[in-house]
Amino acid sequence: MGSTTDAAERFFVGTDVGGTFTDLVVLQDGRPPRLFKAPTTPHDRSEGVVAALSLAAASYGMDLNAFCGSIVYFAHGTTAATNALIERKGTPTALLTTHGFTDTMLIQRSMTSWVGLGAATGHYSRRRNPAPIVARDRIAGVTERIDATGTEVVALDEQEVRGLLRRLRAEGVQALAVAFLWSFVNGAHETAVERIVAEEWPEAYLTLSHQVAPVIGEYERSATTVVNSYLGPVIRDYVANLEGRLRANGFDGDFSIMDSGGGVMRAEDAARRAASMLTSGPAGGVLASVSLARRLGHTEVITSDMGGTSFDVGLIIGGQPLVERVGEVGDLHLALPRIKVTAIGAGGGSVARVDEAGVLVVGPESAGSVPGPACYGRGGDRPTVTDADVVLGIIDPARFLGGRMPLERSLAEKAILVHVAGPLGLSVEEAAAGIRRVADNQMADLLRKVTVEQGHDPRDFTVYAYGGAGPTHAYAYTEAAGISTLVVPPTSTVHSAYGTVTSDRYRAVQTTDVQRTPPGAPDPAVHLDTARINATLGELTRRCRADLDDDPRVRLTRIAYLKFRRQSHELPLPVPDGEVTAGVLRELIEEFRDAYERVYGAGTALLAAGVELHTLRVEGRVRVTDVTEGAYPGSADPAESLLGSRQVHFPETGRVATAVYRGDGLGAGAELRGPAILEFPGTTVVIGPGQLLTVDRYSNLVIDCKGDS
Amino acid sequence: MTATAIDPVTFEVIRHRLLAITDEQGATLAAISGSTHVVEASDYNVGLYLPDGSVAAMGRTILSHSSSMAAITRSVIEDCAEDPGINPGDMFIVNDPWKGTVHAQDVGLIAPIFHEGELLAWTGAMCHMVDVGGMTPGSFCIDATDSYQEGLQMPPTKLVDGGKVRTDVWNLILAHTRMPATVNLDLRALVGANNTAIRAMTALAAKYGAGVVRTVMGNLIELSERRLRNRLARLPDARLHSRAFLDNDGGLAGSAENAVHEVDLVLTKRGDTLHFDYSGSSPQVKGYVNCAYSGMMAGIAAALLPTLAYDAPWNEGLFKPVRVDCPEGLICNAVRPAAVSGGALEAGWLVEMTAVECLSKLAACSDELLGEAQAVPAGGPDKFVLTGAGENGARQTYVIMDCLATGGAAYAHRDGVWTQGQHNIERQKISNVEAVEMDSPLLYLWRGLVPDSGGAGRTRGGLSMGAVYTVHGGRDVSALNSAHGWAVPNSTGIFGGYPGAQNTRTVVHDSDVKARLAAGHLPSVAELSGERPVMRGRQGLYRLGDDDVLATVPQAGGGWGDPLERPADHVQADLDFGAVTPGASERIYRVVLDPEGRVDQAATESLRAGVRAERRDWPAEKAPPDRPAGPLTRIHPLGDALEVVEADGARWTACTCGFAFAPVQEPWRPYAGLRAVQDIRELSHATRLDEDLELRCYACPGCGRLHAVDVVRRGADHLDDLRLLGGEA
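From first to last, the protein sequence lines are chains A and B. With this note's numbering, letter number 619 in the first sequence gets 714, and the count goes up by one each step, no holes. With this note's numbering, letter number 511 in the second sequence gets 1572, and the count goes up by one each step, no holes.
Chain A with its partners taken away, still in its complex shape (with noise of 0.2 Å):
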């Protein structure tokens, strides 16, 4: 780390800014995190991460400036990206791409009318094709042509594109993206742009197809390439703004940026690599709860985070999060391998209806944050389940957030009477109690959902509960779905930034080069080219340690991705280190079968068919905070941490009196049985009734959720 500060007091601090609020920790070797959280302030959101550092300045008692300059590492978190992807408000941007194959971006494979509709899709009448990000006008067909062996087939006409990049940038366009057919073979025409572009155009800024997403299928890789193009200079503004305001107020350590790939990249990377920054928000709580899996032992966790608008899961399988070679953001379908986090529309601010017909409907439309649920006392008038949280005794309306912001049951009370208890003829009670079982079995739903489609048995993972309103619902969705036991971290309600600063260093570099064996050979083995394979690991290994700088810590990992032959499931596999030789091969193909049985079922290998090598990948993580946390205090006696006890309804039991614990004086080794509230600053712990809760020796709640009733 480059920092000259008094050893005494080295700060490592997360962040990660959503769309409401700004969330902060601070690691410190021998002392437990602390955790912080200020607005967002959406016009400038490096006001908000300053806001919430003078928030943990104060509470170490250091002015800000002191406590900056003690800041060894800062890493960040933003949904800066995907904000300015979604409403289209990033960088004007050109595509240069084949002749003859301009509209692939507009066309979508098809999936234009679609995307982005979710559930609609049905409803045909709002179908629609998304604002493109680069105008129709702007994307350029070249005169080239690459076949699928790589060879060329039409020459690259340079004086076109010499012509091309006048017009462009006399149009004002600042931002180009080139992506030729079949450049992840043969890269030799975009690179011959990219020279161009430096003789021509040396401060455009500038990404190739084939090296941010050097895979197969020109629509995502083009899609991947003008996002990145769209977004840098946006990213570049945006991480020079928040550093520099960083260094003006005394910071001097080192600055990385969430990358939703798996790890984070140096801030000065970032604006490079701007579309690896989408969606880094949910990755990091997924990375976050990765390592707590591995203090854990856990191998097998569906992560679950419940915030005001949505609820999204992730899959931590064998100790490593679920990684999607192809995902969905902003309308566009991206080729960067990132962390997958599957979301519905269900959270605090989801609102509660009775439809027409008389039915109970819960989410996906959300009251947001302003107005927010009607207790908020913003002018929201319509229920949500955060009112049915205050309603049943859940949440103290006086102690929300710490008593910062009070609710107001009565408009909470109204709210579902008018909405959801009149129409019903249910008793106000009744209707909260009703909301709450709708969202919290939508909520399973999903937890079953996810991890059957993975080919797995959601009663053989353990859930991890985090963001403001997971701890308050999760006891309910996780018995809901099956599952017996659930954790809830003491970093839940800053999962995210805990993420961002306790996650490795991490760079990813891939290629697809397919090669295939021959139906029904009985060795496929030897039908794959072992000297091709190990130049192109080898080469892909020294981009990635250079992109690493070379880092003698660097742990590497190799992956190939193998499918069987018309079939389209397609798996990834650790390539053991060393040469590649056809006993290798043979090892991994084995590997295939029995790994593509585990998840798809015995005798779903089809061997016969032959096999697909397709994307070969490396992997390099280098470790950046080497803090050991220091015990949280509390007590393991929970009567020392009673705060009293009030009415609470349960729908297994009706109103019942409930123990209200202060949730930070639990400490290591308490246990205590439902049904029992426990308050936290930023959330509410909720412990079923029948639930068995020990504190572990991290802090972490784990929760039986069975019981033993």
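Be careful, since some hints might not be right.
Unchecked claim - From the structure, some residues in chain A lie toward chain B, with a derived Cβ separation under 10 Å:
| # | residue |
| --- | --- |
| 1 | Trp209 |
| 2 | Ala214 |
| 3 | Asp232 |
| 4 | Glu239 |
| 5 | Val249 |
| 6 | Leu251 |
| 7 | Asp252 |
| 8 | Ile530 |
| 9 | Asp540 |
| 10 | Gly550 |
| 11 | Arg661 |
| 12 | Gln662 |
| 13 | Gly698 |
Claimed, not checked - Only pairs whose alpha carbons sit at most 20 Å apart, straight line, appear in this in silico SDA-like list of lysine to any residue:
| # | chain 1 | residue 1 | chain 2 | residue 2 |
| --- | --- | --- | --- | --- |
| 14 | B | Lys1575 | A | Gly245 |
| 15 | B | Lys1490 | A | Glu419 |
| 16 | A | Lys184 | A | Pro225 |
| 17 | B | Lys1225 | B | Thr1263 |
| 18 | B | Lys1268 | A | Gly749 |
| 19 | B | Lys1490 | A | Thr216 |
| 20 | B | Lys1575 | A | Val248 |
| 21 | B | Lys1490 | A | Leu212 |
| 22 | B | Lys1490 | A | Arg221 |
Calculated from the structure, these hints are not laboratory results. As the structure is a computational prediction, the values presented were derived from the model and not from experiment. Glycine included, C-beta positions come from ideal geometry on N, C-alpha and C.
On the provided structure of chain A, position chain B as indicated by the hints.
Same frame as chain A, now just chain B:
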């Protein structure tokens, strides 16, 4: 237990769970199958059914299977209850088109779910299998003249007996397919999907009780039925008529039997019911284009669900207000031994198009539902299958799916969506160019949006995707093409809109394409030298040599409203985008371009005024009736340019300009100015019109606005497309 005994919270929790179970079923099916038909084209479906076979919940995949699943469940009950019996752990396989599947490639597996010894429900799964035998690989048997040439067709057959697979039946099925390994996995996928549902439903019944679960299933069906009936009740009673033409009947290209056939729908809406009557359709034909009753029902379902039931759970309830009539032996209710393997993409397709047209015109009778009405979506695809010697010299077959990327139809409030794809697939995908080039001996020269392909109108049909291919790195390459919509515009416009593009295919043999590429030039089709043979809709198999080029343009959705009413600045935007070519903007939209190629607003206004004046002089068949003297009061719309008005105590069909055509009891077309067009090029991107057909344009004698452009047989009566029932005010 009665319907009201379920509290609304439990209802909602179980409702969501039932849909989640169908999701889990679908995920299981896709996971085990792994076939591209299932995983990418999403040509599969799953569901949960009441003990009588009624669909309570279904997967959101291909719409056409929604009616099939109920039909095959009922076939199982009817054929198997006595013998061999229906017992716990049994599963029954069905792919006979006369037992409920759309064609034999769609194989369904149905399983009873027992709880505490009692039949709780049924579950089922169906997927399109890559080959079930028959005379053609892939089992779309273009040359078939009867169903016995179309592969294995199983009536309900017990495949799993008390939890144990009947290996003898399993082997019998595998013995009939060219792709036993893939079909083996598909069969396992169906079994796995059903097991997922059986486990989940049994757990649900254990938690809530079988009665409660069944009641929720029943209530779901009632809920959908109620929602559709309420919607129908708010629409005026009407009789609607649509006729679609099916040119060519299969592998009989050039024969005298290869005529233009009709799918004819009269839809009557009374109160809260719909009556689909296809009795006026052509008799079944010799080729593979027929569909059985199941194919007709699939077409109706695919039209109805997204048009009038977009916000209701998709289940059996939506068919309760529906009655369907069609005598056996017609092209859309063919009886054995008619060939039906292509029917889903042929007669069944046009069943869907006619139903979309009638339902749209019905919806357009209401201000509330006008936004759900659309012109006719793209007609059927020009199927493209390639065979050639691949690696190891083995012959490979490649199905090229570019033909599916068709433009959507226009709506009143918006242009059609470009490359929307098949109307009956909710979430369509096609392959990347690179994926096709990696697999097959083709090199694309172009793949993009086709200007002018969307039907013209005040709002325009969406653009379709065309492609140009040349052979690259293959040997002995042959192509097989088969299309309707070749000499017939299937994707007709609505309320004066023009038809969208027809299927077009150009082949250039022995061209100079390779020389041009080598010279550093990516040529267009027009500039290539070489021989250009006359192509037919059902071209069948033909050779593609190394220097040959193939160019295709699929059909595209129709336009909405008079193209003259497309504002000049919208036409300018179309020109800027490239959606419309300058030639078409002048020929079809009648704008005037200045020397820079920009739309000249003033000159356009004046030209269009002249065109309208000409149209006012078109002869009407009947002299205008005595028109009402009093003020006109609008009652409801008929689209957004015609409306029903009341005057002097009677109801009239009137143009929004105030011209009253006729009392609503009479058709209005005889009172409109009429011009018949034989040159399709005048109105659309298409180039061919069967010599038996013509287009008839009907204009308002008052203002010169076009209200209809119909495709009819020469000499036929005027189309009476929308007649309100119930008459007098």
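Hint by hint, here is what the structure shows:
1. Because the smallest distance between the Cβ of tryptophan 209/A and any Cβ of chain B comes to about 5 Å, under 10 Å, the interface hint for this residue holds.
2. With its C-beta approaching chain B no nearer than about 8 Å, alanine 214/A sits inside the 10 Å limit, and its interface hint holds.
3. This hint holds: aspartate 232/A has a C-beta 7 Å from the nearest C-beta of chain B, less than the 10 Å allowed.
4. Interface restraint check: glutamate 239/A against chain B, minimum CB-CB distance 8 Å, threshold 10 Å, status holds.
5. Taking 10 Å as the C-beta contact cut-off toward chain B, the hint placing valine 249/A at the interface holds, the least distance being around 5 Å.
6. Given the 10 Å rule on beta carbons, the hint for leucine 251/A holds: about 9 Å separates it from the nearest Cβ of chain B.
7. Here the hint on aspartate 252/A is kept, as its CB sits about 7 Å from the closest CB of chain B, short of 10 Å.
8. Evaluation of the isoleucine 530/A hint against chain B yields a held restraint, the C-beta minimum of about 8 Å falling below 10 Å.
9. Hint on aspartate 540/A holds. Least Cβ distance to chain B is approximately 4 Å, under the 10 Å limit.
10. Checking glycine 550/A against chain B by beta carbon gives a least distance of about 5 Å; that is within 10 Å, so the hint holds.
11. Satisfaction of the interface hint for arginine 661/A is found here, the shortest Cβ-Cβ separation to chain B being roughly 7 Å, below the 10 Å cut-off.
12. With its C-beta approaching chain B no nearer than about 4 Å, glutamine 662/A sits inside the 10 Å limit, and its interface hint holds.
13. The beta carbon of glycine 698/A is positioned within 10 Å of a beta carbon in chain B (closest approach about 6 Å), and the interface hint is therefore held.
14. Distance check on the hinted pair: lysine 1575/B and glycine 245/A sit about 17 Å apart at the alpha-carbon level, within 20 Å; holds.
15. Our distance criterion of 20 Å between C-alpha atoms is met by lysine 1490/B and glutamate 419/A, whose separation comes to about 18 Å.
16. A hinted pair counts as satisfied when its Cα atoms are at most 20 Å apart, and lysine 184/A with proline 225/A qualifies at roughly 14 Å.
17. Restraint check for lysine 1225/B and threonine 1263/B: satisfied, since their Cα atoms lie roughly 19 Å apart, inside the 20 Å limit.
18. Distance hint between lysine 1268/B and glycine 749/A is fulfilled; the C-alpha atoms sit about 19 Å from each other, no more than 20 Å.
19. A hinted pair counts as satisfied when its Cα atoms are at most 20 Å apart, and lysine 1490/B with threonine 216/A qualifies at roughly 13 Å.
20. Using a Cα cut-off of 20 Å, the hinted pair lysine 1575/B and valine 248/A holds, with the two alpha carbons roughly 9 Å apart.
21. For the given pair, lysine 1490/B sits about 15 Å from leucine 212/A by alpha-carbon distance, which is consistent with the 20 Å threshold.
22. The hinted pair formed by lysine 1490/B and arginine 221/A meets the criterion: a straight-line CA distance of about 18 Å does not exceed 20 Å.
In the structure shown, no violation is registered for any of the earlier numbered hints.
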